[in-house]
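Student: Now for the letters of each chain:
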Amino acid sequence: MNIVVLVKQVPDSGADRNLRTDDNTVDRGSANNVINEMDEYAIEEALKIKEAHGGEVTILTMGPDRATESIRKALSMGPDKAVHVVDDALHGSCAVATSKVLAAALGQLGADLVLCGSESTDGRVQVMPHMLAERLGIAALTGARKLTVDGATLTVERQTEEGYEVITAATPAIVSVWDTINEPRYPSFKGIMAAKKKPVQTLSLADLGVAAGEVGFAGATSTVLEHSKRPPRSGGVKVTDEGSGGAQLVEFLATEKFV
Amino acid sequence: MSEVLVVVDATREFGVKKVTLEMLTLARELGTPSAVVLGGAGAAEALSAKLGEYGAEKIYAAEGDEIDGHLVAPKATVVADLVKRVQPAAVLLASSQEGKEIAARLAVKLDNGILTDVVALAADGTATQVAFAGSAIVKSKVTRGLPLVTVRPNSVNPTPAAVTPAVEQLTVSLTDTDKLAKVVDRVAEQKGSRPELTEAGVVVSGGRGVGNADNFKLVEELADLLGGAVGASRAAVDSGFYPHQFQVGQTGKTVSPQLYVALGISGAIQHRAGMQTSKTIVAVNKDGEAPIFELADFGVVGDLFKVVPQAAEEIRKRK
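If you read the sequences in order, they're chains B and S. Residue 1 is where the first sequence starts when you use the UniProt record's numbering, and the numbers rise one by one after that. Residue 1 is where the second sequence starts when you use the UniProt record's numbering, and the numbers rise one by one after that.
The hints are simulated quantities; they were obtained by calculation from the structure and are not laboratory data. Every clue listed holds true.
With a straight-line Cα cutoff of 30 Å, these simulated BS3-like cross-link-like pairs (lysine-lysine) come out:
1. S/K179 to B/K146
2. B/K257 to S/K317
3. B/K48 to S/K182
4. S/K317 to S/K306
5. S/K109 to S/K141
6. S/K306 to S/K286
7. B/K50 to S/K182
8. S/K306 to B/K257
9. S/K279 to S/K17
10. S/K58 to S/K109
11. S/K179 to B/K48
12. B/K146 to S/K217
13. S/K139 to S/K18
14. B/K146 to B/K81
Calculated from the model, a selection of chain B residues having no Cβ within reach of chain S, i.e. all distances over 12 Å:
15. K50
16. E56
17. G78
18. V83
19. A195
20. L203
Cβ coordinates follow ideal geometry from the N, Cα and C atoms, glycine included.
Sequences are here, hints too, so could you generate the full structure?
Tutor: Here it is as structure tokens:
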């Protein structure tokens, strides 16, 4: 099975994150950039499927030059190769334009199965799998907490608010996963060394047949007008329980009219 | 005034979800609200009274197994056809997994911009979004097409404005591509009659400090006394104390209730990402240095197994 895993480099969600003041895009320059955590679960799932059914695992990333670090990190887990879509004109792309570029790249790669995280920790927009499915005319099985592959049939347990749904489709398809689906492996020393030699193909917009005017700020379908830091919460009252902590808590709740 | 389409979020168990009433309230500021019901046979009939109560002048209904038996693609096709026909002033959907997915497909079908996790929407289409785990406020606008936005639960105070809706059944014409992902089973795991996590006015969450699955009864008891939903931190979910669909945080649900009670939760960024826009935050933790206290309006440093039973008893006394 030919599997492509979408990997996005994002600013570390454990550190302070900002939008840039000059063009209102995510500040990636001064951030500690890492693989989007949920994508590691998609990589793990791809490797498990390859181990069970054979095939090849390719990482697909769209991002600036520095995304190479995340691509190598992803490859150190075990995928075979990577494709990096990189082009200066992509800076400022909205989700709709991003899906156009990724769909073009996926079209060239001809995957049986596309795997990705359910959302990225920077935007948390959660739209990419269905945008890609819509463009490619393939099935999207999203929000998977379990994936079973039986020949060309995919079956997914999709987490919902009421429980879960069992959904099924034939390949080619795109599946997005939650972090409950598996436990991603740590790259081995051998894996890290091997990753340095694995092929990483770079593709430009021209290679994909997408015009520069369709992406970036020129092709954006939405714009950020302004942004500000939300004022940090200031801690309130803190008491140490000396036998009446529970009662004091309820007294506070009563003052605030919750009880 | 132009129509504003509100794609109804409803569940079999709870009926019309609160976020739908919030969207109808918001839609009234922008134009004439029309509700779009997408579901199994009889869905619109079951929901119409509530939708009318909150000002839905019209209800468009697309019902049947083709809608209900496939993942979102048929729903997006129906809404896209409707948008082309009625040319609404805006389209509002819930910022839930499904709402975002329908919106995603609409954006591509209509070559239209999309804004998610919107907490306010002005008449000129300017949307307010909360970004980076509640640490940034962003104002944005769709610049191609109509405002296509997903609204975060607990953003708007729903107010009734009763009307009698006119119901129009839509003709559903789908392609094979719409029917690629089939729903073959639905399994309910939600327990009891607690409010849905993202919509609840009160959320009581437990973390690693709760210790084991059995002790979560304490969290549930306090939640029930406060009429709230139960949540759990990632540490608690990873330890198997509570099911994943109740996880609050970066890789779980984002909640913004009136009251958030954190029990035995240290307040790592992973967790804060999902709850720090709550109006009032209360925390109980035995570690006085835990970062959760930086957020808490009221914090108790102490053993939750002593503090929580006492609080529960005190609430019972006051009832």
